[in-house]
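*Asks:* Order-wise, the sequence lines are chains L and V. Position one of the first sequence corresponds to residue 1 (my numbering), numbered consecutively onward. Position one of the second sequence corresponds to residue 1 (my numbering), numbered consecutively onward.
Because the hints were derived from the structure by calculation, they are not lab data. Careful: at least some of the hints might be erroneous.
As the list claims (entries may be wrong) - Covered by chain V, according to a simulated footprint, are these stretches of chain L (three or more residues, beta-carbon under 8 Å):
| no. | region |
| --- | --- |
| 1 | 335–346 |
| 2 | 350–357 |
As the list claims (entries may be wrong) - Cross-link-like lysine-lysine pairs, in silico, DSSO-like; alpha carbons within 27 Å at most:
| no. | chain 1 | residue 1 | chain 2 | residue 2 |
| --- | --- | --- | --- | --- |
| 3 | L | K109 | V | K21 |
| 4 | V | K42 | L | K247 |
| 5 | L | K65 | V | K145 |
| 6 | V | K145 | L | K311 |
| 7 | V | K42 | L | K242 |
| 8 | V | K21 | L | K311 |
| 9 | V | K21 | L | K242 |
| 10 | L | K293 | L | K196 |
| 11 | L | K247 | V | K21 |
What the hints assert, rightly or not - Per the computed footprint, the stretches of chain L lying under chain V, defined by three or more beta-carbons under 8 Å from a beta-carbon of chain V, are:
| no. | region |
| --- | --- |
| 12 | 59–68 |
| 13 | 310–317 |
These numbers come from a predicted model, not from an experiment. Note that beta-carbon positions come from the ideal geometry of N, C-alpha and C, so glycine has one too.
Each chain, written out:
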Amino acid sequence: MQSLYPPIVNGKAVYDLDSQKYIRVWQGPQHPGVTGNMSLELDICGDQVIKCNTHVGYLHRGFEKLMERRRYINCFPIVCRICVPEPDTNEYLFAAGMEELMGVQIPEKAMWLRALNLELSRLASFLMHLGGQSGAFGMGTVAQWTIAYRDYVLDLFEELTGARIYHMYMTPGGVRGDIPEGWIAHTHKVLDGASKLLDEIKHVMLNNAIFKQRAIGLGVITPEMVDHYGIVGPNARCAGLKRDVRKDNPYLIYDQLDFEVETETAGDAYSRTCIRWRETHQSIDLCRQILAKMPPSGAVHITLPNVLHLKIPAGQTYVRAESTRGEYGYFMVSDGSEFPRKVTVRGPSYSHAMALLEDLLVGVNIADVAGLMVSLHTYPPEIER
Amino acid sequence: METLYKELKQYFDVDEFSVQKASLAFLRVPKSQLVSLLTHMKDIRGYTHLVMVTCVDYLEQDSFLLTYLLHNYSTHCDLGIQVSISRQNPVMDGIHHLWEQGRVYQRELFEMFGIDFPGSPDVHEPMILEGWQGPPPMRRDFDTKAYSEATYSHRPRDHKEPEEYMKQQLYPED
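Next comes chain L alone, as it looks inside the complex (with noise of 0.2 Å):
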């Protein structure tokens, strides 16, 4: 039989696109199967995959050059841009960043409501991300039933902080505002039926002969490719590295709260689905373990200068926090004026669709690139921020 696969001459793969034995297909950046606006170049033979180029810059807003150009609370309505499905990791990374530089500490109530908000943006993007995976296998009930569940948590954050997708709800110095009444009741009632839905999920989901046929051993991680691609999140802890920035670097209060960093062994999407369904149980119990301990009185924030004319001592910092997709880092730095001298973030998307996808999807037949790539879950805006 006639090797697949085209010779490789100085390292690059020579074959003739004219030959009629290989196509160069687009998969994006409108397409159904396609996470975010990026696009995917497909060299096929056949039907497998032998090459691919990740190409992003569809949703390019020049979120760094942005806030180079702004005051620091100006940048808030920028940050939670980054990433629409969990814009509260942003928000909470910039606004910490801000804390550090100054110096400042707040409160312990505004602690416990920054984690509680985090954990429910978990839930809500895990939520999302789940019916992304299976609508990506052709089944599309999955995917109808977690977008609408996603809605009710989004009612919970309209009531919280006044608005559904963007929050804004942490400020430096603490968060906006305190819970409002009734809003705990709501929110028991909110995670009681997420918890029921993520059992009937597991039934059709992960029971499913095939849903299992095809993600099982799909596009399979192993430890030795995480550190030399930097895989972080749930993509690392599928190969059995139990990594988890809110156990390794606990932040605000999450010492505080008892679970276990969720691991498989396996590495294909199969595992990375099995994880993101229990650590999206984990984000119901943490919810629910915050609202049990949290402090029921208290400061929520601290008073600051005019925040219009903060100036930020000179220095520079690093504060990471643990995303659904793995650790989202923000290296700040400040020259002591009203500006921001440099802010980069570092989304775990960046390694995870460029070098990694790339590399993953040589092999894949082209049925499956869509599940691959949701199974990694990627966002662009943190590649091209």
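For this one, chain L is given, so just place chain V on it according to the hints.
*Replies:* Below, chain V alone, put in the same frame as chain L:
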């Protein structure tokens, strides 16, 4: 972290060591020793995770400050290794042989700051700004307003007052 700095001092010309917090420190290294220091940190000191590579443009000092942030998963500490390079001749040695995602960071730095990394795969391919004609946009001397005025034409707008306009549309006889 101080012990680590003292040990590194014996092998490399590191200086300007500063501790930001218990788990994060920064140090400066000359351009020629960067790749050997990164290899040393990765292979011997356990700093196996390349968190990010970034650049800060110091226009007033005529230099770029590159920061390579490494993380150690056993001690959970970060070390930011910084190297200052001239703005006039922005060329740097690549680290794509140490970490696979290094090539992506290098592509971005070439596109956004014009820092060249000879030998890095596809480093001159456009990544985010396809078809970009102007100077590297993340440099501080890049004038966004002048660029947009020179590149894009003004589109005249036909402005209608909403209240008047809707009245005319809905109730033309009034």
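*Asks:* Hints first: check each against the structure and report whether it holds.
*Replies:* Okay, the hints, checked on the actual structure:
{"no.": "1", "hint": "335–346", "verdict": "holds (count 4)"}
{"no.": "2", "hint": "350–357", "verdict": "holds (count 5)"}
{"no.": "3", "hint": "L:K109 <-> V:K21", "verdict": "holds, 23 Å"}
{"no.": "4", "hint": "V:K42 <-> L:K247", "verdict": "holds, 23 Å"}
{"no.": "5", "hint": "L:K65 <-> V:K145", "verdict": "holds, 13 Å"}
{"no.": "6", "hint": "V:K145 <-> L:K311", "verdict": "holds, 26 Å"}
{"no.": "7", "hint": "V:K42 <-> L:K242", "verdict": "holds, 19 Å"}
{"no.": "8", "hint": "V:K21 <-> L:K311", "verdict": "holds, 21 Å"}
{"no.": "9", "hint": "V:K21 <-> L:K242", "verdict": "holds, 24 Å"}
{"no.": "10", "hint": "L:K293 <-> L:K196", "verdict": "holds, 23 Å"}
{"no.": "11", "hint": "L:K247 <-> V:K21", "verdict": "holds, 18 Å"}
{"no.": "12", "hint": "59–68", "verdict": "holds (count 5)"}
{"no.": "13", "hint": "310–317", "verdict": "holds (count 3)"}
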